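**Student:** Reconstruct the complex from the two isolated chains, following the hints.
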Amino acid sequence: QKEVEQNSGPLSVPEGAIASLNCTYSDRGSQSFFWYRQYSGKSPELIMFIYSNGDKEDGRFTAQLNKASQYVSLLIRDSQPSDSATYLCAVHSGGGADGLTFGKGTHLIIQP
Amino acid sequence: NAGVTQTPKFQVLKTGQSMTLQCAQDMNHNSMYWYRQDPGMGLRLIYYSASEGTTDKGEVPNGYNVSRLNKREFSLRLESAAPSQTSVYFCASSEWHNTDTQYFGPGTRLTVL
Chain A
5 QKEVEQNSGP
15 LSVPEGAIAS
25 LNCTYSDRGS
35 QSFFWYRQYS
45 GKSPELIMFI
55 YSNGDKEDGR
65 FTAQLNKASQ
75 YVSLLIRDSQ
85 PSDSATYLCA
95 VHSGGGADGL
105 TFGKGTHLII
115 QP
Chain B
415 NAGVTQTPKF
425 QVLKTGQSMT
435 LQCAQDMNHN
445 SMYWYRQDPG
455 MGLRLIYYSA
465 SEGTTDKGEV
475 PNGYNVSRLN
485 KREFSLRLES
495 AAPSQTSVYF
505 CASSEWHNTD
515 TQYFGPGTRL
525 TVL
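Chains as they are written, first to last, in this note's numbering: chain A, 5 to 116; chain B, 415 to 527.
With the rest of the complex left out, here is chain B (with noise of 0.2 angstroms):
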């Protein structure tokens, strides 16, 4: 049992490049979520999926796009990097979207030249 899992761990990006943050959970979890982390700001949720098949916009979504594939998927994309979005990248999830315990993944480093 692997719980939460990202990829890559870390990123080295020049401006403008995509790419794609993968994160898969093996706990049968209806919801997950991606946060971003910086100095002195906290966690700050991207975007997040509070069932498969629905994804909405948290508190910081401008420039990411998301994806639920399946139950157990969800990856987050940056179409054209920005050096703004160099930062620490967590995916979490939980049963349910509501009051419960989310877990979190070990997080991706992304640096954006």
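Just chain A, same shape as in the assembly (with noise of 0.2 angstroms):
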């Protein structure tokens, strides 16, 4: 069973400050990674993936992937109000396996 694992919060952050969501997963073989986030009542949209080892930039937003402690994380710089939502950790196996394994995701709030 393939497991994908978030700390499902809230967690609470200054406006301003830097944001950090964590995620574990259990397949060892797992080679694509993916951080979705969600609004309440709303789809989830893709903000970053990763493939490689080591740190991937976009704007405000750092995903860092380490395969031998099988841990992905994401960092939200100079957190506003419209980043409080839900992430979304999702993970890929590849290799003719069934779609993405989805975290239960990590509640962030932005307090102003």
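Among the hints, erroneous ones may be present.
Stated by the list, open to error - Computed cross-link-like contacts, SDA-like style, restricted to lysine to any residue with a CA-CA straight-line distance of at most 25 angstroms:
id	chain 1	residue 1	chain 2	residue 2
1	B	Lys485	A	Glu49
2	B	Lys471	A	Ser30
3	A	Lys6	B	Gly454
4	A	Lys46	B	Gly472
5	B	Lys423	A	Ser30
6	A	Lys6	B	Gly472
7	A	Lys46	B	Pro475
Stated by the list, open to error - Coverage of chain B stretches by chain A, computed from C-beta distances (three or more under 8 angstroms per stretch; other residues unrestricted):
id	stretch
8	457-464
9	517-525
It is worth saying that the hints were derived from the structure and are not from the lab. As the structure is a prediction and not an experimental result, all values here were calculated from the model. Where is the CB? At the ideal position from N, CA and C, for every residue including glycine.
**Tutor:** Take a look at the structure:
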């Protein structure tokens, strides 16, 4: 059973600070890693994806992957109230497997 | 370019009724998916279609059937709805099945009484 674990939160961060969201996964063969943002009552939307160990930056967002530790994180710099949402970590094993395995999400609250 | 569209947006059924959820994508994607999302359970894969003409079971297929009508359309059918199928249903698509980003439709909120 492939598992993706996230702290459900809520994670409360002051406006302008760095929000750090973490995710661990059980399948060592996992190849692709995704972060989705989901506002209440809306569908998930892609924030970032990462395939290789290390950091990947896109604007205020940085994804970090450590395959040896089976750990992926998302950093949000200069957090804004509009970043308040649930963040879903998703992992793809590849090789003919059956789609993405999602974590249950971390509820992030940015306090003005 | 509408992306992934789903109909209906909301539906209320009585136990035992049947219905079909429709999904279409205009991104020329090969792979399509149906998920359900329940509070505290996260997104769970019901069925997927890696390419036109193929369908496979996901994590929670019981009580559902799917049809990949053509490359654009992937429908989900509930033959005899049960209260346990009350959920939000999301359709998604990706260019290819493995590794690629999935793009989600707006969802269908289904209540079974």
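**Student:** Provide an ascending list of the numbers of those earlier hints which the structure does not satisfy.
**Tutor:** 5
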